[in-house]
Amino acid sequence: MKLNELPGSIRKSVVKLAEKSWNRTSPPGSFLNRFPADAALQQADGLWLRRWLFIKSRPFINVKFEGHKRSSVPAELIPMLVVGSKYENKTRIRNSTSQHASFYISDEPEALITNAGTNWFQFRTGSGDRVQVRQIELARCLFLNNFHLTRTAFRHDGLSGLAQVSESDEATVIKLSAMADFPPNNLRNKAALQHLSWMILDEKARKSFGSILGCWMEAEHEPWTFWFKPPSVKGWRISGSGFYGDGEAKGTFTIDEITRLHNPIFNHPKRIIVDHPRFEIALSKSPENGIRPKIPRTVEEDPELILDMEPELGNQLDEENDTAFEFSFEEDLDIEVQVNGTRYRVKPRVDGELKKTRETASPGHAVEQGSGRELNYGINRSEENVDLIIEEFGEAELTTMARHFKETMKKLSKRPHFFLVKEYCFKMRWPGEAIITANRTIQASFICYVVDIKYHKVPVRIFEVDVEGLPGKRTIRTLFAVFKDNVELSTQKILHNCFSNSVNWDYKQMEKLCVTYGTSKHPRKKTSKNTYPVDVLAHRYQERWVAILEKHISSMVSGLKETQ
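The numbers in the sequence shown follow numbering that gives the first Met the number 0, run straight up by one, and end at 563.
Rather than coming from a laboratory, the hints here were simulated on the basis of the structure.
The reader is advised that the hints may include incorrect statements.
[Stated by the list, open to error] Here are the computed distance ranges between Cβ atoms for each label pair: (1) Arg270 with Pro347: 34 to 44 Å; (2) Met216 with Asp307: 24 to 34 Å; (3) Lys483 with Ala115: 37 to 47 Å.
[Unchecked claim] Think about it this way: if two alpha-carbon atoms lie no more than 30 Å apart in a straight line, the pair counts; the simulated DSS-like pairs of lysine-lysine are: (4) Lys269 with Lys249; (5) Lys453 with Lys524; (6) Lys89 with Lys520.
Positions of the beta carbon are idealized from the N, C-alpha and C atoms, including for glycine.
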């Protein structure tokens with residue numbers, strides 16, 4: 000019997016007993032259950048296996064924070080461990096005092112080891128200067144971009160256990176294993192897709208990835224100081240934050256944090272198809288009993304990270320993207336994701352009276368007896384890689400709903416204190432032309448009409464998703480928001496999550512991006528006349544819509560001014 004299959008009370012007793020033994024005999028001593036507040040990370044190296052009563056083992060890594068004793072955390076956290084960084088729960092706070100520089104790599108890197116036992120790579124730049132970077136930091140950015148790739152690196156079957164490659168005349172297919180714990184959400188980002196394809200299809204990259212575990216297996220003792228055999232990076236560009244040395248180290252730039260790797264060499268002659276057995280299109284459906292579930296008006300946006308707990312199966316992933324790093328290529332790869340089915344869900348109702356519950360998040364495998372949500376942390380997943388197209392309004396392209404919206408905005412702009420600034424049409428699509436399901440073809444895109452207005456000189460952006468071109472009976476409220484900063488990037492993020500979330504607004508994301516926001520229902524399209532349903536006249540429908548928007552937007556902006 001496995002530890003996770005033991006009854007709850009017995010399992011807790013076993014874990015407590017084991018913890019006492021671990022703290023006495025393990026190489027690093029204590030285990031962190033939270034990142035220390037306001038303390039910079041000074042060191043992250045030295046891996047070892049934490050054995051659970053000989054039932055199973057899990058790799059851990061030693062860490063040293065400023066003002067704290069050496070301790071250890073699960074090795075899955077390597078993607079978020081950057082020297083010089085501080086942590087606020089799951090958010091990594093970069094070192095603001097570092098210098099930033101970019102270099103051309105003119106030769107392959109050479110390995111070196113310091114007196115303290117840390118493994119580094121050093122290489123020459125195009126200008127003849129020297130640059131050095133910790134081997135574990137280079138591996139983090141080359142391969143260990145998220146928790147799941149990190150776990151894959153420490154498994155004996157490595158990338159072969161994650162995916163298999165097959166070829167046809169038209170395309171190369173990367174088929175992920177049904178047994179792999181690789182969330183489909185990791186494939187919804189263009190940059191992450193291209194990086195995964197390079198790791199699997201480039202032979203030198205595959206060998207380098209496999210060398211991580213191979214080098215550990217050659218170690219004679221634990222903890223093992225991280226080292227690996229890098230792929231060919233001659234001709235690449237590297238950018239990072241760090242410092243120039245003094246004295247004998249003058250002319251050497253030490254990179255503490257890599258911010259970009261640009262690979263101008265890799266290309267693939269054919270179309271690439273990534274096939275994940277659980278990658279599905281999410282569609283909404285009506286509840287069988289006619290009652291939609293209720294969720295709080297504000298959802299838990301920042302569950303508390305508990306490092307020494309296991310997440311629970313069935314919980315929604317806690318997504319956290321570190322956008323400080325980018326892995327880029329000279330040319331975009333021709334790549335798409337194969338959709339393997341349709342998943343239906345009942346869209347919940349937002350209830351402002353419900354109180355949100357405090358949640359926790361943890362790294363590692365989700366289990367039946369776990370607690371909280373599984374943290375899905377990753378780098379190189381910037382929303383700027385969303386395939387978003389901006390188009391102008393065109394009368395020939397407008398649906399009935401879009402014409403109503405366009406006219407409604409004109410009428411709204413004539414109300415007191417409202418001013419129309421600009422209109423947009425945003426089209427969003429996944430790689431590939433269409434989604435093929437068992438009984439029909441669905442265009443893998445949606446259109447959202449966006450209008451910028453000002454109310455009492457406060458800029459407000461209004462979103463209206465065109466649901467008429469989407470399958471099934473759908474409704475989605477009109478969204479209006481005042482953003483904190485970078486309106487265009489925030490718009491991309493919102494539409495990206497809306498599309499990937501069964502065409503529903505992501506209120507967790509709204510809390511992060513908006514100073515204030517709100518939503519409103521649409522007017523009824525039918526009315527009753529002599530007990531018979533009849534269509535509401537177009538101008539009446541638009542007048543009612545204007546009244547609804549005017550009420551909600553004025554209330555939202557007034558509330559914002561009261562808090563300032």
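Verification of the supplied hints:
Separated by about 38 Å at the C-beta atoms, Arg270 and Pro347 satisfy the suggested range of 34 to 44 Å. Remark: the range hint 24 to 34 Å for Met216 to Asp307 is upheld by a beta-carbon distance near 26 Å. A beta carbon spacing of about 42 Å between Lys483 and Ala115 agrees with the range 37 to 47 Å that was offered as a hint. The straight-line distance between the Cα atoms of Lys269 and Lys249 is roughly 46 Å, outside the 30 Å bound, and the hint therefore fails.
Restraint check for Lys453 and Lys524: satisfied, since their Cα atoms lie roughly 28 Å apart, inside the 30 Å limit. Our distance criterion of 30 Å between C-alpha atoms is broken by Lys89 and Lys520, whose separation comes to about 35 Å.
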